[in-house]
Structure formats: C-alpha cells, structure tokens
Amino acid sequence: MDPYTRERHKMVEEQLAARDIRDPRVLEAMRSVPRHLFVPDDLKARAYEDRPLPIGHDQTISQPYMVALMVQALQLTGAEKVLEIGTGSGYETAVLAELCAQVFSIERLEALAARAEAVLARLGYRNAQITTGDGTLGWEEHAPFDAVVITAASPQIPRPLLHQLRPEGIMVLPMGEEQLQSLVRLRKTSSGIQEDYLGECRFVKLRGMYGWEE
Numbered sequence: 766m767d768p769y770t771r772e773r774h775k776m777v778e779e780q781l782a783a784r785d786i787r788d789p790r791v792l793e794a795m796r797s798v799p800r801h802l803f804v805p806d807d808l809k810a811r812a813y814e815d816r817p818l819p820i821g822h823d824q825t826i827s828q829p830y831m832v833a834l835m836v837q838a839l840q841l842t843g844a845e846k847v848l849e850i851g852t853g854s855g856y857e858t859a860v861l862a863e864l865c866a867q868v869f870s871i872e873r874l875e876a877l878a879a880r881a882e883a884v885l886a887r888l889g890y891r892n893a894q895i896t897t898g899d900g901t902l903g904w905e906e907h908a909p910f911d912a913v914v915i916t917a918a919s920p921q922i923p924r925p926l927l928h929q930l931r932p933e934g935i936m937v938l939p940m941g942e943e944q945l946q947s948l949v950r951l952r953k954t955s956s957g958i959q960e961d962y963l964g965e966c967r968f969v970k971l972r973g974m975y976g977w978e979e
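Using this note's numbering, the letters of the sequence shown correspond one by one to residues 766 to 979.
Rather than coming from a laboratory, the hints here were simulated on the basis of the structure.
Keep in mind that a hint or two might mislead.
Straight-line C-alpha distance at most 35 Å; calculated DSBU-like pairs for lysine-lysine [unchecked claim]:
1) Lys809 <-> Lys970
2) Lys809 <-> Lys846
3) Lys775 <-> Lys809
4) Lys970 <-> Lys953
5) Lys846 <-> Lys970
6) Lys953 <-> Lys809
7) Lys846 <-> Lys953
8) Lys775 <-> Lys846
All figures in this text were calculated on a predicted structure; none of them were measured in a lab.
Make the full structure from the sequences, and use the hints.
Laid out in structure tokens, this is it:
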C-alpha cells in the first residue's frame, strides 16, 4: 500500500467513521477518491488532514469530514442525478460520481473548472460533467435533479435551484452570515420545505445573482 493510500484509509477511519459518518457507501467513496490529486503539489503532504486547503483564486478544497457529511446528507442510493454548485478542485465532484449515476457541476471560475475536468478525466470519471457560469441559476437543461449540493455559503436559498429540484428531492447547503453559517438539509415536499440542521460551518461565499454580490 502506497503512503497516500495508507493516509487516506487512516483519514476515513479516524476522521469520518470515528465520528458520525455511518453510510458505508460514503465511507467507501472517501476511501477510493485520491484527495492528494486535487490539491496543489506543495500541499500534497497535507492532503489527508481534516482541514480545508487553499487551491488558488481565494478558494479552498473543503475538509474531508465536511465533504462526507454533506454527501451523506444527500442520502444517495446510486441512481440519482445530482447538481453540484461550486466544483472547486473537483474532489467532491469525484466523491459524488462514486455514489450516483450522473453529476452536473457548475464552477464560476474557468481556471478551476479546467483543472477539475483534467483531474476527473485522468481518474476516469465519465459520469461527471462540468460547466462554467453562475451556479445560483442552476442548469435548467438537465433539470429536474434528485439532489442538489451547494459547496459555498449562501445568504438565502437560491430560488432557481429549488425550482430545479424534483419533488421529494434533497438540497444540502451552508446558509447564513459571511463569517459563520449553518449547514442545512432541505427536502422538497408537497406540503412545503422540510429543513434539518446539520451543524455550524464556514464556507467561502456563493457568488451570483441569488447569492452574494460580486
């Protein structure tokens, strides 16, 4: 077993399974995706620390625990079509691709989107598609989605994304003020939106028409 694989397995056991990540499919996905390939070369030695790391352009790759928590909250079974807002490094995109049928991911910054696409292609993920644009507007062409995950903090629920979520679908997002947010899970039901609080968190801002202003 190479050192990165050993560190990755240790990460899953000590940072995820030892806490509240219980979904075996999520644990296996986190065990499979090589996070060190999604971080800058000078940070590869820290790739399996449970912390966010800078990836340039004032953006970060989320800490492994937070990725696992958000993905677990989507309750994926394998057949879903998922919309991800904020591709970033592409790491969470890869984790999602391990767990569902199709991932459609939107990134605001072309440089990050291009790098993420290259890494995903290198790893052979053919069920993940990336585009650049305002993620708060969603991707109407491929709607409705079974699940939506937003990897940047929003001051509100972006209405277009809720519209593109199918009935009984789940959305997970960090929502709140600039410095501290609540991670919430929303379920779109016939009687309205059910909301579950998953904990406090801190993410970079979601920029766009239905997020924070540029």
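(message) Holds or violated: Lys953 and Lys809, Cα atoms, limit 35 Å.
(response) 39 Å, violated
(request) Would you check the hint for Lys846 and Lys953, treating anything up to 35 Å between C-alpha atoms as holding? (result) 16 Å, holds
(request) Below or equal to 35 Å on CA atoms is what counts here, so check Lys809 against Lys846. (result) 31 Å, holds
(request) Verify the proposed pairing of Lys846 with Lys970, using a straight-line Cα cut of 35 Å. (result) 25 Å, holds
(message) Does Lys846 sit within 35 Å of Lys775, going by the straight-line distance between their CA atoms?
(response) 30 Å, holds
(request) Please work out if Lys809 and Lys970 have their alpha carbons no farther apart than 35 Å. (result) 25 Å, holds
(request) Assess, step by step, whether the Cα of Lys970 is no farther than 35 Å from the Cα of Lys953, and give holds or violated. (result) 24 Å, holds
(request) Starting from Lys775, check that the Cα of Lys809 is at most 35 Å away, please. (result) 16 Å, holds
Hint violations for this structure: number 6 only, all remaining hints satisfied.
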